[in-house]
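Undergrad: Listed below are the residues making up each chain.
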Amino acid sequence: MTPARARALDALFLVLLALTALLFVSEVFFIFFKAPIEARMGIVQKIFYFHVPAWLGMYMGAGACFIGSIGYLVRPADLPDAFARAGAETAVVFGAIGLITGPLWGAKAWGTFWTWDPRLTTALLSFLIYVAYLVLRSFAGDGSGERRFAAALGVLGAANLPIIHYSVQKWGGQHPMVISGSGGGLHHPDMKIALAGGFLCFSLLAPLLLWARTRLELARSRLLRAEADAVDLGLDTRTEA
Amino acid sequence: MTTTTQQAPSDRATEFQAVQGNAGEQYSGGALLVSAYAILWIILFAWLALVWRKQRALDGRLADLERVLDKAASAAEPRG
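Protein sequences, first through last, are from chains A and B. So for the first sequence, this note's numbering puts the first residue at 766; every next one is plus one. So for the second sequence, this note's numbering puts the first residue at 3; every next one is plus one.
It should be emphasised that the hints constitute simulated quantities derived from the structure, not laboratory data. The reader is advised that the hints may include incorrect statements.
[Said to hold, decoys possible] Below, in silico cross-link-like pairs of lysine to aspartate or glutamate (DMTMM-like), each with a Cα-Cα straight-line distance of 20 Å or less: (1) B/Lys73 / A/Asp994; (2) B/Lys56 / A/Asp843; (3) A/Lys935 / A/Asp882; (4) A/Lys957 / A/Glu803; (5) B/Lys56 / A/Asp882; (6) B/Lys73 / B/Asp61; (7) B/Lys56 / B/Asp66; (8) B/Lys73 / A/Asp882; (9) A/Lys799 / A/Asp955; (10) B/Lys73 / A/Asp955; (11) B/Lys56 / A/Asp907; (12) B/Lys56 / B/Asp72; (13) B/Lys73 / A/Asp843.
Every value quoted in this text rests on a predicted model; they were computed, and no experiment measured them.
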């Protein structure tokens, strides 16, 4: 990459980051001061405006892990591997947000923090798959065999994503189904704006975090290669006391 | 005028009993909402701290590599 292109990408990253921060501030303001309080659940329903977008962030991370893993299996290289690893980490972060904020809403709406509802169970399973991916990457080394194994897990882990989505329709359960193809269950226009704002914020934040993590992972791979080259040249790269 | 808030000692509670079944309003919606927001930002900032730590570890290893390369380069320089 040319230095001019690298500088342009840095500038784009910072502009998008500033825009995302601004949108988050506006979104929080809108949710708390403009969006109406839901008639039956009360103020706790406002968790919905970032709980659902957090799952979008999780899907984006998981999708990135899937694409990166496929890419690595087709043509092993640092970039798809770094993208897959960053995707798994993004999926875990946003999955954790979804899995914690959902039960906080459930405590009020259902009277319990957790129930083995099909959507909750499949979502937890998916989260655990990406946690397993990260544990594998952290403890199993960084050889090509480990990378291929992790890529296979990244591909297979994605199989659960459509199951999460369709579990509510196929198996029922308690989880609400407010967003649907027939217009959805948000009747007040400000509720729709709050949700759309949440989607916009998280669909900007997740790729930005993915970008930053991929870049760091690529730098780590380059450093590993440079260290290996130094060792091949007979240089000792260990820290001197 | 008589006060109705003052209780006689005999009217005071002498035992506590657990609620049977669903207790209804067990959790404050406002507290749950604030908790959810706080957790969202705690998770994001914890991740940021983790990324920062990884970056610092990379910086350390890069500094080691540079030091080794500098040492090798100075050893390879012809002595005048």
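Undergrad: Decide, hint by hint, whether the structure agrees.
TA: Hint-by-hint comparison with the structure:
no., hint, in the structure
1, B/Lys73 / A/Asp994, "holds (16 Å)"
2, B/Lys56 / A/Asp843, "holds (18 Å)"
3, A/Lys935 / A/Asp882, "holds (12 Å)"
4, A/Lys957 / A/Glu803, "holds (13 Å)"
5, B/Lys56 / A/Asp882, "violated (37 Å)"
6, B/Lys73 / B/Asp61, "holds (18 Å)"
7, B/Lys56 / B/Asp66, "holds (16 Å)"
8, B/Lys73 / A/Asp882, "violated (62 Å)"
9, A/Lys799 / A/Asp955, "holds (7 Å)"
10, B/Lys73 / A/Asp955, "violated (65 Å)"
11, B/Lys56 / A/Asp907, "holds (15 Å)"
12, B/Lys56 / B/Asp72, "violated (24 Å)"
13, B/Lys73 / A/Asp843, "violated (29 Å)"
Checked against the numbered hints listed earlier, the structure breaks hints 5, 8, 10, 12 and 13; every other hint is satisfied.
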